[in-house]
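*Asks:* Sequence:
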Amino acid sequence: MKVVQNNSNNVFGFSRHENTDTGVDESGNVARGYQHHDAMWWKESPMERSDATTTLELEPTVAYFESVFSNIASNIISCFNPKTVLDLGCGSGHLTYLLRKLNSDITTVTVDANRDTKLSPYIDHNHFIARTDKELDFTYENGEKVFFDLVISLEHFEHVPEDTFDMLMSNVVNHSLSGSSLVFTAAEWQYDDKNKEHVHCNLQDTLYWIDYIKDHGFFSIPSPFPLNRAGDTAEVFSRRI
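Going by my numbering, the sequence shown wraps up at 225, each residue one higher than the last.
It is possible that part of the hints are untrue.
Heads up, simulated DSSO-like pairs for lysine-lysine below, C-alpha to C-alpha not over 27 Å straight-line [unchecked claim]:
{"#": "1", "residue 1": "LYS198", "residue 2": "LYS85"}
{"#": "2", "residue 1": "LYS129", "residue 2": "LYS118"}
{"#": "3", "residue 1": "LYS67", "residue 2": "LYS85"}
{"#": "4", "residue 1": "LYS102", "residue 2": "LYS85"}
{"#": "5", "residue 1": "LYS118", "residue 2": "LYS67"}
{"#": "6", "residue 1": "LYS129", "residue 2": "LYS85"}
{"#": "7", "residue 1": "LYS67", "residue 2": "LYS198"}
{"#": "8", "residue 1": "LYS(-14)", "residue 2": "LYS85"}
{"#": "9", "residue 1": "LYS(-14)", "residue 2": "LYS129"}
{"#": "10", "residue 1": "LYS102", "residue 2": "LYS(-14)"}
{"#": "11", "residue 1": "LYS102", "residue 2": "LYS129"}
{"#": "12", "residue 1": "LYS198", "residue 2": "LYS102"}
{"#": "13", "residue 1": "LYS102", "residue 2": "LYS118"}
{"#": "14", "residue 1": "LYS118", "residue 2": "LYS(-14)"}
Derived by calculation from the structure, the hints in this document are not laboratory data. The model shown is predicted, which means the values in this text are computed figures rather than measured ones.
Start from the sequences, fold in the hints, and give me the full structure.
*Replies:* This is the structure:
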């Protein structure tokens, strides 16, 4: 089903610098966050970077990530059985691609501020290049507002500055209903001085996130399955009151 993003003030994105994860925002400044790399991304072939129809060469580790995301996708289907899914900071869109493979009736919407995501082989027509911490306004083509059964965000929350994060959460609240689920991971660690191009600018622990989402009408629930993210990373499953 076709979805429309109606906020014309949130249609820009950033592009990655060559050989780094750093992004440039709509003003041309180096962006804090909004990159969504490692497990959620892919490797480009420089010889094929000529236009928007670029063919992308997947990383050698794609088999591993395919396995990880396949497990997450199958668990999402069995535990939540969602009809509508919003993926914030989707990167390549690999996870929602697998959800659609498992259930063709699922409507997925993916959002990422990186303009290069349009080159991903995994996204569909409901992919939007927009910032997650600026207002999002999703409707179906007939004007009916979209409410999601599940909002998921993996390895993204730590990239969104704390001073704009309330807008991200407002987007979740405005597009969910009582009983909707919110599932996310958020790294608690920063890169060392040699890797400052990959910024974790919102470092919080699990208890912080549980309290934060509670203030926005979501309560944590026991984890029905592991998300298996590396390192010191909060994994939170929650449901809207």
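*Asks:* Taking the hints in turn, state whether each one holds.
*Replies:* To see whether the hints hold, each was checked on the structure:
1. Taking the CA atoms of LYS198 and LYS85, the gap is near 33 Å; set against the 27 Å cutoff, the hint is violated.
2. For the hint pairing LYS129 with LYS118, the CA-to-CA distance comes to about 18 Å; that is within 27 Å, so the pair holds.
3. Our distance criterion of 27 Å between C-alpha atoms is met by LYS67 and LYS85, whose separation comes to about 13 Å.
4. At most 27 Å may separate the alpha-carbon atoms for a hinted pair to count; LYS102 and LYS85 meet this at roughly 19 Å.
5. Distance restraint check for LYS118 and LYS67: the Cα-Cα separation of roughly 25 Å lies within the 27 Å cut-off, and the hinted pair is therefore satisfied.
6. For the hint linking LYS129 to LYS85, the alpha-carbon distance of about 25 Å falls within 27 Å, and the restraint holds.
7. Between LYS67 and LYS198, the direct Cα distance comes to roughly 24 Å. Compliance with the 27 Å bound is thereby established for this hinted pair.
8. Proposed proximity of LYS(-14) and LYS85 is supported: the alpha carbons are some 17 Å apart, at most 27 Å.
9. With a CA separation close to 12 Å, the supplied pair LYS(-14) and LYS129 stays within the 27 Å bound.
10. Straight-line distance between C-alpha atoms of LYS102 and LYS(-14) comes to about 17 Å, which keeps the hinted pair within the 27 Å bound.
11. A hinted pair counts as satisfied when its Cα atoms are at most 27 Å apart, and LYS102 with LYS129 qualifies at roughly 24 Å.
12. For the hint pairing LYS198 with LYS102, the CA-to-CA distance comes to about 34 Å; that exceeds 27 Å, so the pair is violated.
13. About 19 Å separates the Cα atoms of LYS102 and LYS118, which keeps this hinted pair within 27 Å; it holds.
14. Distance restraint check for LYS118 and LYS(-14): the Cα-Cα separation of roughly 22 Å lies within the 27 Å cut-off, and the hinted pair is therefore satisfied.
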